[in-house]
Every structure is written in C-alpha cells, then in structure tokens.
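These protein sequence lines are chains L and W, in that order. Here the first sequence is numbered in this note's numbering, starting from 326 and rising by one per residue. Here the second sequence is numbered in this note's numbering, starting from 6 and rising by one per residue.
Hints may be right or wrong, so weigh each one.
With a Cα cut of at most 20 Å, we get these calculated DMTMM-like pairs of lysine to aspartate or glutamate [claimed, not checked]:
1) Lys14(W) with Glu57(W)
2) Lys23(W) with Glu89(W)
3) Lys14(W) with Glu63(W)
4) Lys45(W) with Asp408(L)
5) Lys45(W) with Asp380(L)
6) Lys23(W) with Glu8(W)
7) Lys392(L) with Asp380(L)
8) Lys45(W) with Glu328(L)
9) Lys327(L) with Glu29(W)
10) Lys430(L) with Asp352(L)
11) Lys367(L) with Asp408(L)
12) Lys43(W) with Glu370(L)
13) Lys381(L) with Glu370(L)
14) Lys14(W) with Asp408(L)
15) Lys430(L) with Glu49(W)
16) Lys367(L) with Glu29(W)
17) Lys41(W) with Glu63(W)
18) Lys367(L) with Glu8(W)
19) Lys327(L) with Glu63(W)
20) Lys46(W) with Glu328(L)
21) Lys41(W) with Glu370(L)
22) Lys41(W) with Glu340(L)
23) Lys434(L) with Asp403(L)
24) Lys367(L) with Asp90(W)
25) Lys46(W) with Glu370(L)
26) Lys46(W) with Glu63(W)
27) Lys367(L) with Glu49(W)
28) Lys45(W) with Glu370(L)
29) Lys392(L) with Glu370(L)
30) Lys43(W) with Glu330(L)
31) Lys46(W) with Glu330(L)
The hints are simulated quantities; they were obtained by calculation from the structure and are not laboratory data.
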Amino acid sequence: QKEVEQNSGPLSVPEGAIASLNCTYSDRGSQSFFWYRQYSGKSPELIMSIYSNGDKEDGRFTAQLNKASQYVSLLIRDSQPSDSATYLCAVLGSNYQLIWGAGTKLIIKP
Amino acid sequence: DTEVTQTPKHLVMGMTNKKSLKCEQHMGHRAMYWYKQKAKKPPELMFVYSYEKLSINESVPSRFSPECPNSSLLNLHLHALQPEDSALYLCASSQVGPIYGYTFGSGTRLTVV
Numbered sequence: 326q327k328e329v330e331q332n333s334g335p336l337s338v339p340e341g342a343i344a345s346l347n348c349t350y351s352d353r354g355s356q357s358f359f360w361y362r363q364y365s366g367k368s369p370e371l372i373m374s375i376y377s378n379g380d381k382e383d384g385r386f387t388a389q390l391n392k393a394s395q396y397v398s399l400l401i402r403d404s405q406p407s408d409s410a411t412y413l414c415a416v417l418g419s420n421y422q423l424i425w426g427a428g429t430k431l432i433i434k435p
Numbered sequence: 006d007t008e009v010t011q012t013p014k015h016l017v018m019g020m021t022n023k024k025s026l027k028c029e030q031h032m033g034h035r036a037m038y039w040y041k042q043k044a045k046k047p048p049e050l051m052f053v054y055s056y057e058k059l060s061i062n063e064s065v066p067s068r069f070s071p072e073c074p075n076s077s078l079l080n081l082h083l084h085a086l087q088p089e090d091s092a093l094y095l096c097a098s099s100q101v102g103p104i105y106g107y108t109f110g111s112g113t114r115l116t117v118v
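One chain only, chain L, in its complex shape (with noise of 0.2 Å):
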C-alpha cells in the first residue's frame, strides 16, 4: 500500500515565524511532489511543485525535497495569519496515480 504521511497537527505558529511542514511516502519510484493549500469549506490549491532533490523557492514558500530519505517539506516564512490553513501533501506515485497525504492543520497566531 503505497502512503503518504503528514502529521494531522492543528501545528500552531507565531505571526512572523517560519512555518514548517513534513510529509514522508513510501514510493520509491514518486516522481512529482506537489503542496496544496485548502481552506476550510474550499477546493485545494496547489501552491507549490517540486520534481528532483533540493529546494525550489517561490515567494515565502520553500518546498525541500530528499529522495534518499523519502520526504518532502514546505517551509513558509514570515507567517501570516492568512496562511492559516490545511496543508495537504501529494506525491505522484510510480502508476500516475496521486497519493494524498491526510494534511497538516496550520495556525498562524497574530
């Protein structure tokens, strides 16, 4: 059974602070890794990709991968309140087919 794991959170962040946010899978052969940001009662948006080692920054969010490891993260500076948010993660597994994580509930406190 091919996962991808998230810790559920609610992870709770001062205003200003970086945000971090993890997920593991299990797919070795996982090509593409994608972050989704979904507020509550809305659709989930894709905020950030990212396809080979390393990390891919865009704005305020930095998306890290380790393939060896088997994790990918996003890191989201100076937190707004409005980042408040669920965080999913998805990995594109070795069949196309997208894995989602269970998501990360993110507080940003003012």
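The hints should help you fit chain W onto chain L, whose structure is shown.
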C-alpha cells in the same frame, strides 16, 4: 483561461432525486477527475477520464454515474443517493500523466436529505 468551473456550488437533494454536477475547463487538459471529500479528510478519488475515456473507477457505487461528453466537459450524474454521500465533490483537470499537478474547481457542496 486557467480555471475549472463547477456548477452548482451547493446542492440539496432528496434520496429519490436525480441531479447532475457539471465541470468545465478550457486549459486543454486531457485528464479530468472527480473527487469526493468529507470534512477533515483528504480528497478521495472517484473517477478518472483520460482522453474522454473512463480510465479509473475506484469502485464507486452505481448511484454515481460519470460522463465526459467532450474534452472540456465532465458530468457526474447522481441518483438515489444516501445521506452518507453528503460531501464536497471536486472536479479537477490536468495534463495526462499529471506531473504538473491538478487544477481543482471550487467544488459542489452536496447535501442528501
């Protein structure tokens, strides 16, 4: 156009009703998906269409019937649903072999009474 449009946004239906959910995209994506999402859970895959052909049916009950009339449209026909089918129904699209991820619609909040 970078959007997936879903209608209606909200739907309340009785257990004997027939209704349809609609999804449209004009991004040239040739893969389209129906997901079901319950509160505090990740999206759960229901159906995948690839080049307008049903490629994956995740053992979904026959009271859900998908249809892909053309490369831009995806429907989900609902009949004789149960209260436990109440959920957020999400449509998404992507390139075939979605290495660049999905684009989701805003969803239909379905309540079965």
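Would you pick out the hints that fail for this structure and give their numbers low to high? Checked against the structure, the hints that fail are numbers 1, 3, 5, 6, 9, 10, 14, 22, 29, while the rest are satisfied.
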